[in-house]
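There are 2 protein chains.
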Amino acid sequence: MKLYHSPSSPYVRKVMVLLIETGLDAKVEKVPAPGGVSPVAANAEVQKKNPLAKIPALMTNDGDTLFDSPVICEYIDHLASGKFFPAPGPKRWTALRRQAVGDGILDAALLVRYEATLRPEDKRWSDWDKGQWQKVEASLGDIEREVATFGETFDIGTITLACALGYLDFRFTDRNWRAKAPKTAAWFDKLSERPSLKATKPA
Amino acid sequence: MKLYHSPSSPYVRKVMVLLIETGLDAKVEKVPAPGGVSPVAANAEVQKKNPLAKIPALMTNDGDTLFDSPVICEYIDHLASGKFFPAPGPKRWTALRRQAVGDGILDAALLVRYEATLRPEDKRWSDWDKGQWQKVEASLGDIEREVATFGETFDIGTITLACALGYLDFRFTDRNWRAKAPKTAAWFDKLSERPSLKATKPA
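In order, the protein sequence lines correspond to chains D and H. Just so we're aligned: 334 in our numbering is position 97 of the first sequence, and the numbers increase by one with no gaps anywhere. Just so we're aligned: 350 in our numbering is position 113 of the second sequence, and the numbers increase by one with no gaps anywhere.
For reference, chain D alone in the conformation it holds in the complex (with noise of 0.2 Å):
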């Protein structure tokens, strides 16, 4: 298998995370997106794969490519018989909601960076990043209520939602989330001392 791959991209973490944690990170050759993707110059590489150019995107060894990082993710835990997508019932809805907060969070924050890296200064709108922002923020409001319920929890959902926060953290540093999510950065801080996480730090 080979995953188009950026130690930059949190999508890419999500999938570098349980790659590491199935032991089947040795059997995907990892490719480098070709000066990265940006959303306003597609990467014609990565583009005959995933229309969307958009990264992760995984080619299996059945010659598909599966993309978005849900379905590579879910795809990659039913090839190693793993438990980080829960059997239907109220496990799974919890993982995969909390999966759909932490990508919100992430697709919320690329939107905030895009405006202010990518588009002429001109051009920005303060408007678009306070919403964006916003959406941030309520996330980690409902994350901090919630953290004390997650125990030893390790699923696609934990999962998202650290790679998330690490993105804040590696992003946004000046906008100090952790000031406002205590127990949620007491709880990130704890669980990015696991190997997979260690080894997939954004530097």
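What the hints contain is simulated information worked out from the structure, not anything from laboratory work. It cannot be assumed that every hint is accurate.
For identical chains, the list gives no copy identity; a pair is met inside one copy or between any two copies.
What the hints assert, rightly or not - Okay, derived cross-link-like pairs now, DSSO-like style, lysine-lysine, Cα gap no bigger than 30 Å in a straight line:
no., residue 1, residue 2
1, Lys420, Lys438
2, Lys239, Lys267
3, Lys367, Lys264
4, Lys427, Lys360
5, Lys320, Lys286
6, Lys417, Lys286
Following the hints, put chain H in place on chain D, whose structure we already have.
This is chain H only, laid out in the frame that chain D set:
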């Protein structure tokens, strides 16, 4: 169960098609999202249930709220012992990949729409519009190459593609996707005769 709903949301439409197809429609109360949802002015009522302030959001009888549309659709399919999410295996990965293409078309098309209708005119950036629309067109190209293999397949993958194409008809008539993907248009027009799609067509 209660569903935050808007008749013009293509992601809500996916859920509605599933509800009608599985016979669960009558068991779900539709709650209009008051004032709709805007990425620059979060809907406070929706956000109490979904911190991302997006619809659809499904409040289950257990008191949980599920989102986003892939999670809600899988939950409904499970409740109904449906077959719209195939069991793990090639059919499932194909269906989920197609769902990702359809949702990806919608994500890109929505960003184009926000750029053109929500953002102040002097802050619009044509490269953003072009980059997002190019994802839509590349996806249409992939669908056009694949559509002859769809046959009678009607699962979460083809349902999502249909909702995406319906949204392009609804909001982007002027971009005339049908001219570029005539085989896809023929497939879509035939599928659109199903009662579940007729009943949910945005007006």
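The hints, checked one at a time:
no.: 1; hint: Lys420 - Lys438; in the structure: within (20 Å within a copy, 45 Å between copies)
no.: 2; hint: Lys239 - Lys267; in the structure: within (6 Å within a copy, 43 Å between copies)
no.: 3; hint: Lys367 - Lys264; in the structure: neither (42 Å within a copy, 37 Å between copies)
no.: 4; hint: Lys427 - Lys360; in the structure: neither (41 Å within a copy, 43 Å between copies)
no.: 5; hint: Lys320 - Lys286; in the structure: both (28 Å within a copy, 27 Å between copies)
no.: 6; hint: Lys417 - Lys286; in the structure: between (40 Å within a copy, 20 Å between copies)
Of the numbered hints stated above, those contradicted by the structure are hints 3 and 4, listed in ascending order.
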